[in-house]
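Could you slot chain B onto chain A? The hints should help.
Spelled out from the first residue to the last, the chains are:
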Amino acid sequence: MLTAVLAIGILAALFGLLLGYSAIRFKVEGDPIVEQIDAILPQTQCGQCTYAGCRPYAEAIAAGEADINQCPPGGEATIQSLAELLGVDAKPLNAEHGVHHEKRVAIIEEQVCIGCTLCIQACPVDAILGAAKQMHTVIETECTGCELCIPPCPVDCISMVPLKQNIREWKWPYPEDEQRPIVAPAD
Amino acid sequence: MQCLMVTILEQPLKIPGGLRLSANKSQSLRAPLRQARIPARLYVPLSQHIGEAAEPLVGVGGSILKGQPIARSLSYISAPVHAPTSGRIIDIGAYPVPHPSGLKADCMVIEADGEDRAAPGSLRMEDVFEADPADIRQRVRDAGIVGLGGAGFPTSVKLNPGPGREVELLVINAAECEPYISCDEALMCCRTQEVIDGVRVMRHALHARQTVIGIEDNMPKAISCLQNGLDQAGETDIRVIAIPTVYPAGGEKQLIYTLTGEEVPSQGLPIDLGIVCHNVGTAAAVGRALLQGEPLISRVVTVTGAGVRQPANLDVRVGTPIADLIEQCGGYTDKATRLLMGGPMMGVSLPSDAMPIIKTTNCILAASRQEAPQPLPAHPCIRCGKCAEVCPASLLPQQLYWYAHARNLDKAQDYKLFDCIECGCCAQVCPSHIPLVQYYRFAKTEIWNQEREREKADIARQRHEFHLERLEREKKELQERRAKAKKALNKPKVGNADSKKAEIAAALERVKTRKAKQSVTARNTDNLSEEKQAEITKIDKRRASNPNENRP
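Heads up: the protein sequence lines correspond to chains A and B, in order.
Going by the numbering used here, the first sequence opens with residue 2, and the numbers climb by one from there.
Going by the numbering used here, the second sequence opens with residue 741, and the numbers climb by one from there.
Just chain B, same shape as in the assembly:
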């Protein structure tokens, strides 16, 4: 049994590098968290998570109830999809989805009936705090819960530390470090109980010895809400720790460093240190699923930016088109120039607002020209090293850029490309306005692509080898057949007299046996009348005198 010691530091550390950015969270926090309207049509993508896409369970035309599973997961790293409201499936096909590629992906289109009737659920667990962790994981899996912080990794997988591994520390990531995004803050203030329930369930499922909620110190209201909630619940073991506000303190590895001083190894996972980290929104979703029986069909989304009239946090059903959501926030202002999913640092540009909210959408930013400025033309790198100063992963961004730019992917990997969290600090401070993160993203996806190509090439090689082997075998078989036929032809036709005689005798013998088999013995020959007997004798006589007569 692996046992690791993790101590929570009294004084949280400051991450290396990072930037102090203006938070811009107050705009969306002015109004309280409210329920978003259910649109007439919802577009629910089958893949809203890392891993395999789900497989539809309901066909076109099928009626569905809210919370009913409409697509199931086929592999371990996958998550099912549930109906966000009651209605009818009107189409299953490719529709635009919020993804940087701008490609379409398979979605189930639901026509809401407006009644929002719920299906009888089976997710709720009465005795969840006594339940077997495996049962909890199964329910979390059935509820379709994925990490709501951004990446969308199936939560049930992260609730399984693996055999022989103990969880020393459960970290709940409530840092929410990116500017403009305030969905977690709104959630913690308005749905404190759900959050605390979820954290307790997660702690039980992981058998975590210590639990800590890491939250940036610029959210005093959320901190006090959580602390009060924990005090009321009598939870003294769950600690709320305020960490220094610096972007990106909410990165998983950064938060763990801030709280414990431990560094997650390169290419490693927090579990290697005995730590598991979950987003606070994910915790709330777990609490909601296991204590209230509702699968993951809605999430809190921040709609903000100078481009939208009434910035707010809304509880939105998955599948709601972004256009619908913007409309509920008063529509666009004249300043809107760019639409982003996510914050200004890590968000991706969306080509249109005809895309749905998915499980991992935390923020819709309708940005003005000032908020998301047009990228300036890039100049050559002057090797000033500012990027290295701000890199929270302590990498050398200028070297990564150098090799990514030259498409020297092996070298980029040597400089730990895959430890880059794409936070965008380096690009923000670059005096040459080089789109550094774009280069890293290019290099990462290119490397993955090459790996896939290599795998495909290996399969092609095997298939080709098999093909050649098959041709060889067929050729050999043909030759063998030919040789056999030839041998049969070349068999000596004329032998000596004895063998000929023997052959004739054998042939005669064969004929005899065949005739014997065919000959018929008369039946019903007893008790014949004299007349009949006379007739038979006559025929026999005739046959005897005429041997050529056909016999049976």
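One chain only, chain A, in its complex shape:
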């Protein structure tokens, strides 16, 4: 009897020590689930989810404060991935936060721009180039299409345009919405 209790007690103490040690030794800094959620989000940093960027939204999801259907730029695909990652049911995008549309980029009408720098301050990814009283321009490749630069512009010279399609990045359409080009060659 005593030996059994002793053996179990010693084992328990050993394992306790081991667990305690590994909890300190292999401590994970930060919440890995936040990283994983953040990796799925489109990094538009638009704030349409009501959080100050993609990472705060990821933290809110991880903390159970936000739902997974608040990201219009990510759309269904992001919701699907989040649902898979978190093991919850996918649900349609919450229309309160906006609607999903194809990616667009901001463009500044340069003749109208007065060089007020307000859009530069608003851009979350520093994709607008310019200085006070100098013309501003958007670096198209860096623009995430968050539309945060539009409200501050005092002269309304920023508009969103759909990304220009190029052959290299062209995608085959989903077959059901395809119109096969059947053209009788002109003689």
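Keep in mind that the hints were calculated from the coordinates and are not lab data.
Hints may contain errors.
Said to hold, decoys possible - Straight line, CA to CA, 27 Å or less: simulated DSS-like cross-link-like pairs of lysine-lysine: (1) Lys165/A - Lys1196/B; (2) Lys844/B - Lys104/A; (3) Lys1156/B - Lys172/A; (4) Lys165/A - Lys844/B; (5) Lys1184/B - Lys172/A; (6) Lys92/A - Lys1151/B; (7) Lys1151/B - Lys172/A; (8) Lys92/A - Lys1196/B; (9) Lys1196/B - Lys104/A; (10) Lys104/A - Lys1151/B; (11) Lys172/A - Lys844/B; (12) Lys1196/B - Lys1156/B; (13) Lys172/A - Lys1196/B.
Below, chain B alone, put in the same frame as chain A:
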């Protein structure tokens, strides 16, 4: 040093799956290979290959000579573009190009002067069979040669096996398995010497131990032409092997399997097995460039189908509009309903004939309703498994379809979507008429797109993090500045009497030193006349009596 054993089988294997299709090659082979007319205007796209587009070297209005480089490649996976004939560049801009998207792409528009004057070339190598492989690769690169079999991968890259890798076997792909296409057959029959030269150059550049030309057994004339040519050249090391005619035996991985029984690993390359595979047309282009000094400015194109009056094989300058080529083949017949680039199985529909021939255009098929039937409405998949029986890559097309249809791209990749060669056998036999290949193409490009989006998102994340860091830093700097200013303001203004006195003394001292610096000592005071001396004394006296007088 990696050394792999590859044995060429005595009896070529039959690929798994595949279809026996009626060849329909005789139509275009009735007439011999001929030179196509040079059109008045040529539209030369800057990107005719896999990889980065080339950058124009000649501006609008510039005169050019045939064979002169007009656009250069900027990265490793790219190819330069040469002037197909002499003339003048009249525009550089977006024009329709033969691509399934129907989008326009940058082209250089050349107005031919009709003289076809050649530029002095520097591609030719006198001692090519003694030359360093690196030099050969550079020349092949300078000649703008890309794979002419269809994909357009820069050939110089494929001529480089990589450090520490030996090439056991060079396979020349002359199978030309797709119906209607006969450009390689015409090339082998009419330009045997060029082909053999090219193969020998490639073998030398790769230091390949064995070389084999794989050719479908329904081309006896081409086989005998090649064999005779090799015999005349005394080449006993290059073997011509007839393989069973079955579509798609000409796929790279399929041909390697047929000849050697080896399977290229999934997601791998033939070089992993010590094998390099080049198209026979590419070999001829290499031969032409290094032995005759002509860069890749023309290629053999099959113009065929019931929709064209005189089907033929033509040697066409790159940039020639398809309409011009059809006209040279007698124009369209009443049967023409659809225009395809490539064959009936893998070709892409072209929305118009106002597009140029590019380096990778092997066939223009003006198809009748029978040759390229309207796709029938698709029915649900009944899981009959016929597609799996004919798949030459031994995949499960019904599963790929299932997941591509559901946009479950991860699962589609698990079922080896990227090993699909898009040969179209599965769609051909599908009793439900499902456009299977369209689904695979959709899924592949969608996956690539997602990868690009992910990369962009990563960059956006970094930029946003940097943005936040910058804001934080600026805020901190502002606070520091403010704190400093505040400190300066709050400095005690009134101290004790001693310190005040010291301050006054210091101020006086400063004034003194400044005055000392400013004071002027009179010069030229030696040997003065008495009159002058008297005057000075007088002024000094006055100054002494009036201390308030301004002093220098």
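Now the hints, each set against the structure:
| no. | hint | result |
| --- | --- | --- |
| 1 | Lys165/A - Lys1196/B | holds, 16 Å |
| 2 | Lys844/B - Lys104/A | holds, 21 Å |
| 3 | Lys1156/B - Lys172/A | holds, 19 Å |
| 4 | Lys165/A - Lys844/B | holds, 11 Å |
| 5 | Lys1184/B - Lys172/A | holds, 9 Å |
| 6 | Lys92/A - Lys1151/B | holds, 21 Å |
| 7 | Lys1151/B - Lys172/A | holds, 19 Å |
| 8 | Lys92/A - Lys1196/B | holds, 26 Å |
| 9 | Lys1196/B - Lys104/A | holds, 12 Å |
| 10 | Lys104/A - Lys1151/B | holds, 25 Å |
| 11 | Lys172/A - Lys844/B | holds, 15 Å |
| 12 | Lys1196/B - Lys1156/B | holds, 26 Å |
| 13 | Lys172/A - Lys1196/B | holds, 17 Å |
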